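Chemist: Can you make the complete structure from the sequences, with help from the hints?
Protein sequences, first through last, are from chains A and B. Just so we're aligned: 216 in our numbering is position 165 of the first sequence, and the numbers increase by one with no gaps anywhere. Just so we're aligned: 202 in our numbering is position 151 of the second sequence, and the numbers increase by one with no gaps anywhere.
Certain hints may be false.
Because identical chains cannot be distinguished in the list, a pair is counted as satisfied if it fits within a single copy or across any two copies.
[To be verified] Computed cross-link-like contacts, DSS-like style, restricted to lysine-lysine with a CA-CA straight-line distance of at most 27 Å: (1) K117 - K205; (2) K279 - K117; (3) K279 - K253; (4) K311 - K134; (5) K278 - K198.
Just so you know, the hints here were simulated from the structure itself, not pulled from any lab data. All figures in this text were calculated on a predicted structure; none of them were measured in a lab.
Protein chains: 2
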Amino acid sequence: MHILLTNDDGIYAPGIASLTSALLPVAQITVVAPDRERSATGHAITMHKPLRAEEVQLEVEGGRGKGWAVSGTPSDCVKMAVKVLLPEPPDLIISGINRGPNLGTDILYSGTVSAAIEGILFDIPSLAVSLTTFTPSSFTTAAQVTKIIVDQVKNRSLPPRTLLNINIPPLPLQELQGIKVTKLGFREYENIFEERLDPWGKVYYWMRGDAVDRDDDLEDIDTAAVKKGFVSVTPVQFDLTNYALLEEVKNWKLSLGNLKGE
Amino acid sequence: MHILLTNDDGIYAPGIASLTSALLPVAQITVVAPDRERSATGHAITMHKPLRAEEVQLEVEGGRGKGWAVSGTPSDCVKMAVKVLLPEPPDLIISGINRGPNLGTDILYSGTVSAAIEGILFDIPSLAVSLTTFTPSSFTTAAQVTKIIVDQVKNRSLPPRTLLNINIPPLPLQELQGIKVTKLGFREYENIFEERLDPWGKVYYWMRGDAVDRDDDLEDIDTAAVKKGFVSVTPVQFDLTNYALLEEVKNWKLSLGNLKGE
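Modeler: Here it is, written out as structure tokens:
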């Protein structure tokens, strides 16, 4: 089994090293990841400047990973791995382990999840994995959890155009409550723009945001599952059509008639 | 009615000027858009460097628009407009008119659509509008079409968490076939990485991609509608949960038992 690893924290981030280390005994691993942190890049791709890929050796616990550091976004990494760097497409793509949660509406902004979406656009089974804390923490347990999920999904075929978005609370193994299959919740960010003056008296802003979970009381929601100490596994697809509204909008009978003078 | 306009082609792009010009007679317009082109930025937001907003006057046909040029992405622009720049949230957000289509899976990469998603995350009705050509073209007809759609949706309330993604073919008004309510199609990009050598003999790549429409034969698909000369209107939401797969994944009975040694 050949697994492609990527992330949005950069190729030298501890999350991807732990994952490499956990998976090296059971699979061929290639790491193709951004050469620096590219968080919150969403599904950005690089079209207006050239890309570079530098071959690297990654020393990890228990072995050595190999791969490429790419001067682009997580999505660029997956495209480039599949189209240029690997002799043939991998059997599985795992994006992570991300430092910080990718829950609910977070995933709209997430470079981690976008890389996995890029994977399923190529029809390659893909997982996105996140450790739900920004506090520096060990990724070892999360990597082990990822490995057993990989073992369990290996023999099931994920349907086309579907990835699993996995969020793991930063708890010791024995305190994890189990694995819950969930829906995406709705996180609202209370964005605050902190106004400052530069040395020349001109205003600039730092944007920050605190997540407020809106659907937290609903059952089977990823945000709630993680708070209760469960590993959250959400099947994710990429069709944003609002099917429920199709017929209603058809009934509006939008027309160019007036404009055309008919 | 107060309309916030934004885009991903930059505040001085012709698409947003045409739209400003078409809407000035019927609404109060504020433009808050990136200070330069930010296409294919997806839903990227700017957290690791500060943002600036410079007040600008926009001379457009038939009047003068006012607004701010922001040093960030389309999503940053919407956040900053709502949270800092405007005294109160706008009644409607329109992102566009984009130069180039945002059809099917395009919208995953689209800064234009992401800005509109940002709008509905704030519970503000939002539209994303694109002219489906990269050839330099007049946006006048597309702006008129947008205006009549705005007129027609003004009195309907779009349900929460839903935007309309509008794609307008670059045809003279009388050649437009009408307005079709559509689902998102599946566009595959045949990415090509063009390999070159820099002056020092090191390899770099230009990524380009040609869209191949996979679902083109299906009825009511946005890509097909536009090819037939229709204005395409797709209701779009942002919940990426694959509901169809929830029960199946639950039946996998993913478990930490083995790992915990239970």
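Chemist: Pop the pair K279 and K253 into one bin, within, between, both or neither, using alpha-carbon distances up to 27 Å.
Modeler: For K279 and K253, the Cα distance exceeds 27 Å both inside one copy (45 Å) and across copies (51 Å).
Chemist: How do K279 and K117 come out at 27 Å by Cα distance, when the copy is not named: within, between, both, or neither?
Modeler: neither (37 Å within a copy, 48 Å between copies)
Chemist: Treating 27 Å as the Cα threshold, decide for K311 and K134: within, between, both or neither.
Modeler: neither (47 Å within a copy, 39 Å between copies)
Chemist: For K117 and K205, with the copy left unspecified, which applies at a CA distance of at most 27 Å: within, between, both, or neither?
Modeler: Within one copy, since 23 Å is at most 27 Å while 56 Å is not.
Chemist: When no copy is named, should K278 and K198 be tagged within, between, both, or neither for a Cα gap of at most 27 Å?
Modeler: within (22 Å within a copy, 46 Å between copies)
Hint violations for this structure: numbers 2, 3 and 4, all remaining hints satisfied.
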